[in-house]
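*Asks:* Letter by letter, the chains look like this.
There are 2 protein chains.
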Amino acid sequence: MKRKPSLKDIAEKVGVSTATVSYVLSKGKESKVSAEVSKKVKAAAKELNYQPNQIAKSLKSGKTFTIGLIVADISNPFFANIARIIEDEAAKLNYTVIFGSSDEKAEKSWDLIQFLSNRQVDGFIIAPTENSEDQIKYLKEQNIPFVLIDRFFPTINSNSVTVNNFEAAYGAVRRLIEKGSEKIGIIAYSNSLYHMRERVRGYDTVMKDHKLKVSNNWLHEIEFSDIKNGVHNAIDILLHEKPNVEAIFFATNTLAVYGLKYLDRLSVEVGKDLAVVSFDEGEAFDFYYCPLTIVKQPLGALAENAVEILIHKINDLDTKEKKVCLDTELIIRESCGRK
Amino acid sequence: MKRKPSLKDIAEKVGVSTATVSYVLSKGKESKVSAEVSKKVKAAAKELNYQPNQIAKSLKSGKTFTIGLIVADISNPFFANIARIIEDEAAKLNYTVIFGSSDEKAEKSWDLIQFLSNRQVDGFIIAPTENSEDQIKYLKEQNIPFVLIDRFFPTINSNSVTVNNFEAAYGAVRRLIEKGSEKIGIIAYSNSLYHMRERVRGYDTVMKDHKLKVSNNWLHEIEFSDIKNGVHNAIDILLHEKPNVEAIFFATNTLAVYGLKYLDRLSVEVGKDLAVVSFDEGEAFDFYYCPLTIVKQPLGALAENAVEILIHKINDLDTKEKKVCLDTELIIRESCGRK
Chain Z
1 MKRKPSLKDI
11 AEKVGVSTAT
21 VSYVLSKGKE
31 SKVSAEVSKK
41 VKAAAKELNY
51 QPNQIAKSLK
61 SGKTFTIGLI
71 VADISNPFFA
81 NIARIIEDEA
91 AKLNYTVIFG
101 SSDEKAEKSW
111 DLIQFLSNRQ
121 VDGFIIAPTE
131 NSEDQIKYLK
141 EQNIPFVLID
151 RFFPTINSNS
161 VTVNNFEAAY
171 GAVRRLIEKG
181 SEKIGIIAYS
191 NSLYHMRERV
201 RGYDTVMKDH
211 KLKVSNNWLH
221 EIEFSDIKNG
231 VHNAIDILLH
241 EKPNVEAIFF
251 ATNTLAVYGL
261 KYLDRLSVEV
271 GKDLAVVSFD
281 EGEAFDFYYC
291 PLTIVKQPLG
301 ALAENAVEIL
311 IHKINDLDTK
321 EKKVCLDTEL
331 IIRESCGRK
Chain Y
1 MKRKPSLKDI
11 AEKVGVSTAT
21 VSYVLSKGKE
31 SKVSAEVSKK
41 VKAAAKELNY
51 QPNQIAKSLK
61 SGKTFTIGLI
71 VADISNPFFA
81 NIARIIEDEA
91 AKLNYTVIFG
101 SSDEKAEKSW
111 DLIQFLSNRQ
121 VDGFIIAPTE
131 NSEDQIKYLK
141 EQNIPFVLID
151 RFFPTINSNS
161 VTVNNFEAAY
171 GAVRRLIEKG
181 SEKIGIIAYS
191 NSLYHMRERV
201 RGYDTVMKDH
211 KLKVSNNWLH
221 EIEFSDIKNG
231 VHNAIDILLH
241 EKPNVEAIFF
251 ATNTLAVYGL
261 KYLDRLSVEV
271 GKDLAVVSFD
281 EGEAFDFYYC
291 PLTIVKQPLG
301 ALAENAVEIL
311 IHKINDLDTK
321 EKKVCLDTEL
331 IIRESCGRK
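Going line by line, the protein sequences match chains Z and Y. The opening position of the first sequence corresponds to residue 1 in the UniProt record's numbering, with each subsequent residue numbered one higher. The opening position of the second sequence corresponds to residue 1 in the UniProt record's numbering, with each subsequent residue numbered one higher.
Keep in mind the hints are simulated off the structure, nothing from the lab. Incorrect hints may have been included.
If several chains are the same, the list does not tell them apart, and a pair holds so long as it fits within one copy or across any two.
Claimed, not checked - Dumping the calculated BS3-like pairs for lysine-lysine here, alpha-carbon to alpha-carbon at most 27 Å:
(1) K179 <-> K92
(2) K211 <-> K40
(3) K296 <-> K183
(4) K228 <-> K296
(5) K108 <-> K40
One chain only, chain Z, in its complex shape (with noise of 0.2 Å):
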């Protein structure tokens, strides 16, 4: 790769001072600069391919001032808005953030990893997949600074930012049993990721403090590769298998989001028929003609932590890990109960 021009290599061409150069350059300071000469300079950068912003500033402090930030799936609003928010903070710091969606699948985060690290991005912050603890493990060795956000492994000493999962699954379960419902059952994925364990342990934990026994067939782990056919089949058989319920825990926004469309197809009127309670806000909740009682995750909060933390570890390498474990909110509507 051919040697980076400089401010000077502009300023020599054009005929102005570096300074003239840097003015030019550097963000909303051109107006010190005559149009003509700020136009002359810009026609000199881009013809050098002079790198700003960024490129400019690693040349001088050795980083890129980027974040590569991998999520386990973009389409899905609470990632996306997640990745949003990291954006925003990033930016409040001067830092860009480049995104890479697992697909829930561990090869494709290493492919992400290998290819953002061997880019020189001045760390990470991932939701890490199932089966990926040999990559953060990685990371760890390689002395690369990172974050995992919404879930981490309980092996591994690293930092991070998730929420209390079990209070929050305990919480939820409970406002059901208050509520009146006795036989509640759960659809939750079926994969290993601890938060996940967590939200299951929430619910059986609540059903045996209250004395109530969960019989088998409540109990419903979604594979992530065909949702909407598992969460079908499990509505199917908590509504038509006996014991049936009176009430559905989704343990995510995107279950309870199929899981609420096939109620309609099937014409079960939630908040009379069924009590639900779901994890996570979801825009389609807002419009859901019963107002739905939900586990609100505090998306700011996990990204500012998130950022904070890796900004940190990047200018200090020496940082303890910091485990941040935030809480979440009950968001109280009508449907939790049954009419």
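Since the structure of chain Z is already known, use the hints to place chain Y on it.
*Replies:* Quick look at chain Y alone, frame taken from chain Z:
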């Protein structure tokens, strides 16, 4: 950066053939090797920090098998979903997709293009922001393969995959007229991007063609930086300033989501008090009490065409620029009439 370790290095370390190593490290061929050897090879690969997949491929081909995708706003379901489909299409061809979100800011888009092109992505798929013409010209001058998606600049000859926004808007508003509305307002964005201008032109033209006068308080163009207030003010004017409208055309899904929420707050019943048609689908719409008449964009075809055209360009820089303009579908439901 130290020399990249080769299959040979790993083979020598473990004491097996390079073929064996490549079996272990190639997808789907591991079964040809004993579990024990496989384990040793992987350990050695990790120890030597061997980079598989794109990087290994790129050493052979000079390519990174990575596409840079720059969308306008990753938290917008339209872009989040198209990103996901582009990813799936690219994966079929063994390409990884790295995203950036320009947040509709030309400066941010420029940072992303600079960072990614300097990190050797093989090409770009870009939903360009307002005032980013120079960036597109720069990519052309630098011979960097790219395809514009969703938006394009009529003044620049480049690959593009878009929909027929004029036709789509014309047909949507015509439907409102056919269902009996004559006083029709439009809520769009106040930007100079061609696709948005075309949607407004479609509205203007169909009104003229039906000899319907457009009052000055019916065309509302919202700042992207303040959508919520913009939409609320627009609706207040459309409903309460004479001549007040019988129908509203929302030029994007985001504008419609804010609009419908506000109409609920005002207790305006869509499909009865007010007719509504919106551009784009939205998960939120699926749960809306009045089934919405919408302009459905062919997300799959947009993504497939963009990836296909880009890969051709990557493999043969001399291919002629392709301009694909796809038709949309008007999904007719109840919201476009008034009872």
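*Asks:* Look at each hint and say if it fits the structure.
*Replies:* The hints, checked one at a time:
no.	hint	result
1	K179 <-> K92	neither (44 Å within a copy, 49 Å between copies)
2	K211 <-> K40	neither (78 Å within a copy, 50 Å between copies)
3	K296 <-> K183	within (24 Å within a copy, 41 Å between copies)
4	K228 <-> K296	both (23 Å within a copy, 22 Å between copies)
5	K108 <-> K40	between (45 Å within a copy, 22 Å between copies)
Of the hints listed earlier, those the structure fails to meet are numbers 1 and 2, in rising order.
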